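Trainee: Fit chain E to the known structure of chain Y by using the hints.
Chains as they are written, first to last, in this note's numbering: chain Y, 1 to 203; chain E, 1 to 203.
Among the hints, a few may not be true.
One copy or two, it doesn't matter: identical chains are merged, so the pair holds either way.
25 Å max Cα-Cα, derived DMTMM-like pairs, lysine to aspartate or glutamate [unchecked claim]:
#, residue 1, residue 2
1, K133, E42
2, K27, E86
3, K118, D32
4, K46, E188
5, K84, D59
6, K130, D119
7, K133, D119
8, K118, E176
9, K84, E56
10, K46, E142
11, K46, E172
12, K133, D123
13, K46, E35
14, K84, E176
15, K46, E86
16, K133, E176
17, K84, D58
18, K133, E35
Worth flagging that the hints you see were computed from the coordinates, not collected in a lab.
Source: prediction; values computed, not measured.
Residues per chain, in single letters:
2 protein chains.
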Amino acid sequence: MILYDYPKSGNGYKIRLLLSHLQIPYKYTSVDILEGATRTAEFLLKNPNGQIPVLELDDGTFLPESNAVLYYLAQGSEYWPTTKIEQAQVLQWMFFEQYSHEPNIATARFWVSIAGMKDSAFDRELLAQKQQKGNQALSVMESHLRNRNYFAGNAYSIADIALYAYTHVAEEGGFELSSYPTVTQWLERVRTQPGHVTINQLK
Amino acid sequence: MILYDYPKSGNGYKIRLLLSHLQIPYKYTSVDILEGATRTAEFLLKNPNGQIPVLELDDGTFLPESNAVLYYLAQGSEYWPTTKIEQAQVLQWMFFEQYSHEPNIATARFWVSIAGMKDSAFDRELLAQKQQKGNQALSVMESHLRNRNYFAGNAYSIADIALYAYTHVAEEGGFELSSYPTVTQWLERVRTQPGHVTINQLK
Numbered sequence: 001m002i003l004y005d006y007p008k009s010g011n012g013y014k015i016r017l018l019l020s021h022l023q024i025p026y027k028y029t030s031v032d033i034l035e036g037a038t039r040t041a042e043f044l045l046k047n048p049n050g051q052i053p054v055l056e057l058d059d060g061t062f063l064p065e066s067n068a069v070l071y072y073l074a075q076g077s078e079y080w081p082t083t084k085i086e087q088a089q090v091l092q093w094m095f096f097e098q099y100s101h102e103p104n105i106a107t108a109r110f111w112v113s114i115a116g117m118k119d120s121a122f123d124r125e126l127l128a129q130k131q132q133k134g135n136q137a138l139s140v141m142e143s144h145l146r147n148r149n150y151f152a153g154n155a156y157s158i159a160d161i162a163l164y165a166y167t168h169v170a171e172e173g174g175f176e177l178s179s180y181p182t183v184t185q186w187l188e189r190v191r192t193q194p195g196h197v198t199i200n201q202l203k
Numbered sequence: 001m002i003l004y005d006y007p008k009s010g011n012g013y014k015i016r017l018l019l020s021h022l023q024i025p026y027k028y029t030s031v032d033i034l035e036g037a038t039r040t041a042e043f044l045l046k047n048p049n050g051q052i053p054v055l056e057l058d059d060g061t062f063l064p065e066s067n068a069v070l071y072y073l074a075q076g077s078e079y080w081p082t083t084k085i086e087q088a089q090v091l092q093w094m095f096f097e098q099y100s101h102e103p104n105i106a107t108a109r110f111w112v113s114i115a116g117m118k119d120s121a122f123d124r125e126l127l128a129q130k131q132q133k134g135n136q137a138l139s140v141m142e143s144h145l146r147n148r149n150y151f152a153g154n155a156y157s158i159a160d161i162a163l164y165a166y167t168h169v170a171e172e173g174g175f176e177l178s179s180y181p182t183v184t185q186w187l188e189r190v191r192t193q194p195g196h197v198t199i200n201q202l203k
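Next comes chain Y alone, as it looks inside the complex (with noise of 0.2 Å):
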């Protein structure tokens, strides 16, 4: 498999990560990002929207969406529950991820520590208003993660991988950890499981 991804990307640490755990080799190829490079014609054959990542299979076919690849790798692994509403609840979490949490706090660092943002008025009411709905997303997590370990089946999942890619490089994006205890808590449970890489440990 090939993993198109951009070394600094959450979304493309989720990958990383999960193929660690499942100890899968794969091949990696760094597309920049900030050059434009998920905007050629080539680049647009591997995904019609525009982003990385996007996880070539052995077949050749091209999967992207972040989330999407985490389904399709944790398919009859310990990191997907067996039961429906465990299913569904997993999936619950990576849609507030996708939604609710990465469109704000990843925005925010990108931003804040990747790519420099505009010096205009918009941009800075526009980032404000992004780092006020991502504290109210990492206050959602700190409140149910208040009376459990995990986000759900009781066990370390891919919804666990999928908020952690970017909660763990919060502070990025201006926000501060440290008012989300129990949050901080389950980074440290995360960053103990077997076979975990930090999003600078690249292939």
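Mentor: Only chain E this time, still in chain Y's reference frame:
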């Protein structure tokens, strides 16, 4: 089962549509999002993220996130494919819907046709940005559907249901569906599925 929902919600409509296809009876409870009814202490016990729709299962479990609910209900039915790669592709388009489509098309519709918006330079620029990104999402759909009838697995699935919900009312957000002829044909294909109900057909 009880569906907590707002009648004009496309996210709620996804679930109503699938329940109709599956001929599953349910109780409907309308929640007035414009009056803050998703932010009460009572509602936050159903979904700490303060959003409709939420499906209450017969055992009292509350399941939020419309696309996770679709997954739950579709298991074992014709609306969920049987191979791992087709399942991942259905989820790929459902994550596309929640990340690239709904935040732009549904939010523009909400401001333009449902809740109104503040007359501020920031909100006007944000609406223009959402309309531009919404048109990008419609273009991705248009190109994907050029050589297939449905989004994934060569069959009508919960990926089509998820994308239909806000696409068919996109004109209420200022989008011109006549610019997307292939999408328009697909809308008609969805509309003629057995058991189809409209967004206005409530229980």
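Trainee: Of all the hints numbered above, which does this structure not satisfy? Sort the numbers upward.
Mentor: 4, 11 and 14
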